[in-house]
Amino acid sequence: NEAWWEMVRFAVSESRRLGLDLGIHNCAGYSCSGGDWIKPENAMKKLVWAKGDVQPETRLGFYRDIAKVETTNGVYRFGYTCTGKCCHPPPPGQEETCLEADKMSRRAVALHLDNVLGGFAAHGITASSPGLKFVLMDSYEAGWDGNWTDDMVEEFKRRRGYDPVPFLPVLAGMSTKFGEGPDVGFREDFWLTRSELQHEYHYRQFKERLNAAGFEFHLEPYSGPFDSYEAARWCDLAMNEFWEGTPFWEKSACRGGRDWIVGPVSRAFGREIIGAEAFTGYPLDDPFALAPRHLKAGLDSSYCRGLNRLSLHHWCHQPLDARWKPGFSMGPWGTHFGENATWFEPGKAFYRYMQRVQALLQQGRLRTDALGVRTEVDGHFAMDALPYSAFLDGVEATADGKVRVKATGKTYPILTTDPVWLKWGPKHLLEKQVRAKVDELEKSGVPVCRDGKLDAALAKIGVKPAFEILEGASGEEVLGLARQLGDTSFFFVANLTKSPRRIKAAFRPPEGNRWRAASQLWFPETGRKCRGPGAEDAGCWLTLNAEESVFVVFADRAGELPRPE
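Residues 803 to 1367 in this note's numbering are what the sequence shown spells out, letter by letter.
Derived by calculation from the structure, the hints in this document are not laboratory data.
Treat the hints with care, as some may be off.
Cut-off 25 Å, straight-line C-alpha distance, at most; resulting in silico cross-link-like pairs (DMTMM-like, lysine to aspartate or glutamate) [as the list claims (entries may be wrong)]:
no.: 1; residue 1: Lys887; residue 2: Glu943
no.: 2; residue 1: Lys1204; residue 2: Glu1244
no.: 3; residue 1: Lys1098; residue 2: Asp1088
no.: 4; residue 1: Lys1239; residue 2: Glu843
no.: 5; residue 1: Lys1009; residue 2: Asp823
no.: 6; residue 1: Lys979; residue 2: Asp867
no.: 7; residue 1: Lys1225; residue 2: Asp985
no.: 8; residue 1: Lys853; residue 2: Glu998
no.: 9; residue 1: Lys1229; residue 2: Asp1241
Construct all of the structure, not just a fragment, from the sequences and the given hints.
Here it is in structure tokens:
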């Protein structure tokens, strides 16, 4: 409504005045893509069926027939209807009409974008009048049952080369006359088709339309019925998330962020800024009682996994008088930052700490050891990864036996693949093509790790970790990463434990060189700088207080990095 747009215009003008980067969600609420302009014919759809001539389920008055199909249990009538999924939280009064757009339909997503961009333009918000910089799509929370679209049969035929209709009983949990092998193959082909449609018509179309209008597209590309590696390709800034405390997707001692997909894919495409929805929390985790001391270890762990641009969850604007505390919040969710936190004034040091760390971690590039092809290697963070679609035509072997990403020119000494490939055959034609490409690169002299034991494979070809703890702590107690800016190497090292640690660590020069100058220690908690230890290959000693972090900087010229003031 107009009152809401008035507030948006004010926020945009203030952002322009203050030189801020303002972003806005792409829909009502925070997930995922839709609005009251999406009617049932353009909403998310699902396959439905009933035996004989019985009318299958119908929602929102929308139903379309597909075909009658013979199964081993008789003849079934197949069709599709709406899922009924709405954006959430929807605006008041739109709980059943703020529908999610069909993510597999170019037409439906285009309609949604027409309304989003049209709304901006109608209220004077354009890229030519700065203030709004990006549009954010949060993590996918639109459900997994949206498995059909108007053009599914035609799209499937075009992409997979055969008619999916005789196999529809497989999606209903039944078997067909073709047998188990073809049924399993169809299930994999259907999943691939479903994923490709979302990558192309949802994520790619979002990036192309937003960029054409002068805006960036920021995306949390996971937790949905699609290939997250492929989705992470289609954005300007990919974001993950980490929650307060020990995130539920991590091992108990690895308190960090969801960097497995977002960071590696972004870096492989040359995007070194890795975003994060930071400190999200469950309702009972933060009864307005958490303070920086509860947050720092998880924060530093996430920095060490490659995150370097945080969006705090949450910091709500407070329109009421200061006497009304704790004021507005995002309901029970998240960690409560902002001026009404009891620790806000002394806690400004915590914000300065985050500012200093991110100012440095956004410089240069992360030193990575390996390129993965749509793969995760447990416990190894210094790697990049490409989705299948970009890998097939996007890489080549170099004359000295490395694998090179054509788009960025970045080279890697080793290629690593999904270890599951050793146990199971390729699931579909695309995977067969990718495996053939891996074999081709290996024949050209590129080392390939196929069993997931990447550290051992790197050691075999003489590649040592950029940062390695030799004595004094485990790799889960003290973490570190290495970045490179020109001739300057710098390492972020964090003690995650609640006790001091004196560690012996090895800081490896890039490309087999030797350090030409002594190191400096930069302490981001205070901005203090001092002379650091030597960095012989045998390792050097470093003392860290409880939950303390430090930058170890090797620079021939002192002015290359911004000083942590």
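request  = Please flag the earlier hints that this structure goes against, numbers listed from lowest up.
outcome  = 4 and 8
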